[in-house]
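Q: All chains should be built: construct the whole structure from the sequences, respecting the hints.
Residue numbers (my numbering), protein chains in the order written: chain A, 583 to 967; chain B, 29 to 98; chain C, 85 to 595.
Rather than coming from a laboratory, the hints here were simulated on the basis of the structure.
Idealized CB from N, CA, C, for every residue including glycine.
Just so you know, not all the hints are guaranteed correct.
As the list claims (entries may be wrong) - Chain B residues, not near chain A, derived (Cβ > 10 Å throughout):
id, residue
1, GLY43
2, GLN53
3, SER94
4, LYS97
As the list claims (entries may be wrong) - Result set (DSSO-like, lysine-lysine): computed pairs, CA atoms no more than 27 Å apart in a straight line:
id, chain 1, residue 1, chain 2, residue 2
5, C, LYS146, C, LYS222
6, C, LYS116, C, LYS267
7, A, LYS757, A, LYS646
8, C, LYS230, C, LYS138
9, C, LYS223, C, LYS244
10, A, LYS658, A, LYS590
11, A, LYS941, A, LYS641
12, B, LYS55, A, LYS658
13, B, LYS55, A, LYS646
14, B, LYS97, B, LYS86
15, C, LYS179, C, LYS197
16, C, LYS230, C, LYS244
17, C, LYS122, C, LYS138
18, C, LYS161, C, LYS185
19, A, LYS883, B, LYS51
20, B, LYS97, A, LYS645
21, C, LYS222, C, LYS185
22, A, LYS757, B, LYS97
23, C, LYS179, C, LYS230
24, A, LYS590, A, LYS787
25, C, LYS222, C, LYS122
26, B, LYS93, B, LYS80
27, B, LYS93, A, LYS757
28, A, LYS883, B, LYS55
29, B, LYS56, A, LYS883
30, C, LYS129, C, LYS179
31, A, LYS939, A, LYS590
32, C, LYS197, C, LYS161
33, B, LYS56, A, LYS658
34, B, LYS97, A, LYS646
Said to hold, decoys possible - Residues from chain C that face chain A, not an exhaustive set, calculated with beta carbons under 7 Å:
id, residue
35, TYR277
36, ILE534
37, ILE541
38, LEU544
39, ASN545
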Amino acid sequence: MNTEIISKKLMIATMTCFVLGSSIVSGGSTVLIQDSWVSVITGALLAIPMVLVYARIVKLYPKKDIYEVFLELFGKIGGRIFIVMFTWYAWHLGALVLRDFSEYIQSTVKQDTPQVIVMLSIIVVAVYLVRSGMRTIGRWSIIVLVVILLVVITTIILGVNNGRIENLYPLFNHKPLEFLSDAFLMFSFPYAETVLFLTVSNSLKKDESPYRVFIYGIAFGATILLFVSLRNIVLLGQEMVRSSLFPSFVAIRIIGLGKFLTKIEGIVMINFILLGIAKITITLLAATKGVASLFNIRNYKDFTIPIAILMVVLGMIVYDNIINLVDFLIIYPIYAIPFQIVIPLVVWIFAEIKFRKTKIKKKGVNAVLIKNSKVYYKVVSDLKI
Amino acid sequence: MVLVIVIISYIFIIGFDYIPLIKSQNKKETIIYSTLLALSFVTLVLVVIGVKLPSPTKLIEYLLKSIIKT
Amino acid sequence: MFGFNKKKNKVEIDSRISGLNRSLSDYKLSNKIEENIKMMKEIFKDNDNLKIRKVINSSNPKFFCYIAFFNGMVDSKIINDSIIKPFTISNLTDKDNNITKISNQVIYINELKESEDLGKMVEGIASGDTLMFLDNEKKVLILNTKGFEHRAISEPESEKILVGPREGFTESLIVNTVMIQRKIRTNQLKIKYMGIGRTTNTHVAVCYIESVVNRDVLNELLTRLEGIDIDAILDNNYIAELIGGKGYSPFKRMRSTERPDAVVGKLLEGRVAVLIDGSPVVVTVPHLFIENFQSPEDYYVNADYASISRIIRIIGYFITICTPSLYIAIEAFHHEMIPTPLFINIAMERQSAPLPAGLEMFVMLFVFELLKETGIRMPGNIGDALSIVGALVIGQAAVEAELVAASMIIVIGITGIAGLLTPKLDSSVLLYRFLILFFTILIGFLGFIIGLSILVINILNQESFGVLQVERIDSIKPQDIKDKFIRRGWKNMINRPGYLTNNEIRKKENG
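A: Here you go:
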């Protein structure tokens with residue numbers, strides 16, 4: 583049984599976990615405060631056309647990951663340049679998420695441990711998952727999803743008492759430009775990050791539809807994120823949502839069950855960590871595959887450990903403190919444009935052109951075969967002349 | 029303390045991953061793996077000790093800001 | 085890890101073994117009976133158990149034969165009554181001195197073979213058959229006279245149940261296969277014999293039910309068995325390691341049991357059983373993870389009670405792995421997760437304990453493992469006294485001397501008791517207890533989750549003969565759950581579990 587080929591369901595589960603990855607900590611963007619939940623939906627809508635492009639690329643090149651597509655479309659040197667860029671994106675993103683998480687843990691839960699240790703421990707699980715192959719990642723994602731759903735539903739039920747619907751009002755109290763810019767923020771973080779799934783597209787079974795995979799993945803992720811965002815707003819109210827770094831965590835502090843379980847924020851930590859591991863695993867997978875394709879090596883699993891450590895190193899140096907983290911979030915959408923939009927579009931256009939050419943060629947060959955007799959006469963008549 | 033953990037884990041990594049790789053005699057893979065391993069070890073130790081390495085974030089911010097200005 | 089020196093030993097063994105084979109192929113049977121007997125004596129030189137006797141026909145003294153057998157391996161009554169007596173008494177003339185006449189009309193034996201193959205002869209006589217040599221005849225008769233001593237059928241020590249059959253396998257392969265055949269009285273039951281092991285040539289039997297067996301697994305098993313290249317197979321564990329598949333895993337890849345009813349149940353689900361001569365333990369493949377929590381007793385008691393027992397076992401497994409780490413995580417890192425009065429009590433107690441919590445837990449777990457190991461190996465008489473000493477005196481004294489905290493002893497107690505629910509998973513429990521504890525000490529609750537994830541991923545990865553040990557996660561059907569986590573009554577279990585077999589046949593009808 584091949585450990586790489588997985589079914590549509592597992593892929594969708596993995597993608598959902600990835601989308602939720604770091605966004606579940608904040609419930610999406612909090613710029614619009616009480617209207618934050620709107621960007622969850624608008625961001626997803628904005629992402630759908632882009633995601634369809636990704637799916638189309640997968641459809642045009644089934645059984646190949648995007649690194650192989652790079653090499654095929656742009657030749658050895660051009661393709662390698664693209665591989666380097668994409669690998670850098672994956673590697674950088676993984677380091678950012680890693681750093682995000684260890685900052686979160688340091689500031690809320692555990693102050694003493696050096697961040698290196700936290701990051702190294704998280705990366706251990708990611709390494710294990712990558713080395714176990716895509717199939718294990720898929721199955722693990724399903725288990726994680728079940729846990730996530732349980733926790734989210736539980737917190738929503740427990741929070742019914744403490745929440746106030748008025749926190750959602752005034753509805754739509756922002757300018758349309760703000761809505762648009764926030765939608766774009768959500769688009770790049772997290773929806774269009776699914777571009778990394780192009781690197782694992784060779785894991786999808788041949789006759790499964792990549793369109794379904796991407797759309798369902800985004801849709802499920804958006805739905806769960808919507809509930810989380812609504813829950814946070816309803817529980818916290820405007821001020822807290824705007825000012826807290828990790829709104830989900832703060833929201834859980836408010837709810838409780840009678841006198842006994844007053845402080846259960848540890849439970850949501852399970853959520854965050856599992857999803858964070860999922861996201862980091864995919865980025866690690868993408869980066870490792872990239873390095874392996876760069877040097878034309880089939881078996882990428884061997885390189886996992888050094889690349890994982892390098893990701894930790896990058897995570898350590900990428901910010902000086904948590905303020906930098908917030909600052910970077912503002913320019914992240916623009917920084918991500920080349921990777922999320924430009925490169926896929928370029929690949930798509932080139933791929934479509936090539937596809938049309940081969941289709942014409944095929945048609946041409948068939949036409950020749952049909953018209954064989956006529957060609958023969960033409961050649962003979964030409965020779966005579 | 030952290031350094032000790034790092035060094036012990038590297039010994040494990042070398043025994044677990046590296047030696048079978050040498051035995052299997054894929055020259056290309058061994059070379060690449062060795063460079064990556066050495067690079068990661070050096071940088072990790074530097075970070076743990078506390079040496080400040082240059083951060084790409086600043087570079088990215090600088091590039092983007094100059095592009096936006098033009 | 086550093087396995088550079090493995091090549092030498094293989095060469096040495098090869099030369100020794102080929103020496104053995106060479107010597108056997110040096111010998112050849114001839115027409116002259118005296119030469120054959122001399123050859124037998126030479127082959128089995130220095131083995132004083134070999135007995136050779138000349139049997140002469142009373143009516144025609146020129147008509148004789150030699151029989152050879154191993155003392156103690158044969159049933160003397162059969163030899164006396166069915167071989168020596170008829171041969172001595174019957175009226176034979178010189179014309180009758182051919183092997184067909186002798187085998188068909190003179191001696192009375194239910195299983196009889198003619199052979200010129202020395203290997204088969206040696207194998208036969210070493211299993212308890214008798215060899216009969218005739219004059220002017222190259223072929224030798226191999227007569228079934230097996231009658232060696234073996235243990236009576238008794239209840240297996242390690243798999244005691246409250247209610248149900250108390251038969252257990254013995255060390256004799258024939259007896260074991262018979263126990264299985266008695267429960268499955270159909271022609272669909274197949275039993276294939278193989279001989280494995282260069283020196284021991286141990287008999288191994290592979291059993292399966294043809295209509296339901298999973299063919300891929302069967303093929304894989306047979307291939308692996310045929311590929312075994314070792315001196316001796318003494319026990320099922322040898323086989324388990326040799327054909328289990330590559331890589332180390334704390335989880336077993338085959339299920340071993342000493343109960344015939346368990347084996348028969350597994351055969352009916354489409355699994356294959358491997359029986360080994362000399363070992364009362366029978367191995368079934370493939371092995372699913374959930375089988376670690378199942379026991380044959382589940383089928384002899386009330387369905388609901390059995391379901392609850394199974395669920396308790398599964399919970400117990402996770403309790404025994406997670407409890408030490410949870411205790412450390414909550415007490416040392418996350419005080420706010422438990423109600424405050426409870427925490428104050430625990431904290432007051434811990435005031436007096438000298439070691440940091442994590443270290444103390446490590447030491448206590450280690451001591452617990454020591455106690456458990458001692459308990460297994462101790463001879464019976466010392467057992468009681470030592471347990472009193474160990475549990476009460478030392479435990480009590482340690483708490484009163486304030487070396488350890490009382491709450492920690494409670495935690496260790498819970499861990500230990502829960503661990504006894506699933507003895508088959510001991511190796512994984514031991515490993516993961518310490519692994520998760522290590523991560524928890526390092527980073528608190530996060531470490532606990534990381535360790536738990538590693539455990540879950542390891543379980544997900546397990547494979548047994550090409551079949552994943554954890555079933556379809558993406559498409560769980562009610563059909564699968566019926567007999568895995570809970571046990572529904574027999575009225576509800578109409579179809580066989582579809583995961584293992586390709587042919588779903590109704591269980592209640594005659595398959």
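Q: All the hints need checking, so say for each whether the structure fits it.
A: Hint check:
1. GLY43: The assertion about GLY43/B holds, with a minimum of 12 Å to chain A.
2. GLN53: 13 Å, holds
3. SER94: 12 Å, holds
4. LYS97: About 13 Å separates LYS97/B from the closest Cβ of chain A, which puts it past 10 Å; holds.
5. LYS146/C <-> LYS222/C: 18 Å, holds
6. LYS116/C <-> LYS267/C: 48 Å, violated
7. LYS757/A <-> LYS646/A: 44 Å, violated
8. LYS230/C <-> LYS138/C: 20 Å, holds
9. LYS223/C <-> LYS244/C: 50 Å, violated
10. LYS658/A <-> LYS590/A: 32 Å, violated
11. LYS941/A <-> LYS641/A: 15 Å, holds
12. LYS55/B <-> LYS658/A: 21 Å, holds
13. LYS55/B <-> LYS646/A: 26 Å, holds
14. LYS97/B <-> LYS86/B: 16 Å, holds
15. LYS179/C <-> LYS197/C: 22 Å, holds
16. LYS230/C <-> LYS244/C: 31 Å, violated
17. LYS122/C <-> LYS138/C: Satisfied, since the Cα-Cα distance of roughly 13 Å is no more than 27 Å.
18. LYS161/C <-> LYS185/C: Distance of about 23 Å is within 27 Å: holds.
19. LYS883/A <-> LYS51/B: 17 Å, holds
20. LYS97/B <-> LYS645/A: With Cα atoms ~43 Å apart, LYS97/B and LYS645/A exceed 27 Å; violated.
21. LYS222/C <-> LYS185/C: Within the cut-off at roughly 15 Å; holds.
22. LYS757/A <-> LYS97/B: 25 Å, holds
23. LYS179/C <-> LYS230/C: The given pair, whose Cα atoms are some 31 Å apart, is violated under the 27 Å limit.
24. LYS590/A <-> LYS787/A: With Cα atoms ~8 Å apart, LYS590/A and LYS787/A stay inside 27 Å; holds.
25. LYS222/C <-> LYS122/C: Holds, at about 14 Å.
26. LYS93/B <-> LYS80/B: 24 Å, holds
27. LYS93/B <-> LYS757/A: 26 Å, holds
28. LYS883/A <-> LYS55/B: 16 Å, holds
29. LYS56/B <-> LYS883/A: With a Cα-Cα distance of about 15 Å, the restraint between LYS56/B and LYS883/A holds, given a limit of 27 Å.
30. LYS129/C <-> LYS179/C: 35 Å, violated
31. LYS939/A <-> LYS590/A: Not satisfied, since the Cα-Cα distance of roughly 30 Å exceeds 27 Å.
32. LYS197/C <-> LYS161/C: The hint holds at about 20 Å.
33. LYS56/B <-> LYS658/A: Roughly 18 Å separates the two Cα atoms, so the pair holds.
34. LYS97/B <-> LYS646/A: 40 Å, violated
35. TYR277: Violated. Min distance 30 Å.
36. ILE534: Since the shortest Cβ distance to chain A is 5 Å, the answer is holds.
37. ILE541: 6 Å, holds
38. LEU544: 5 Å, holds
39. ASN545: Holds, about 5 Å.
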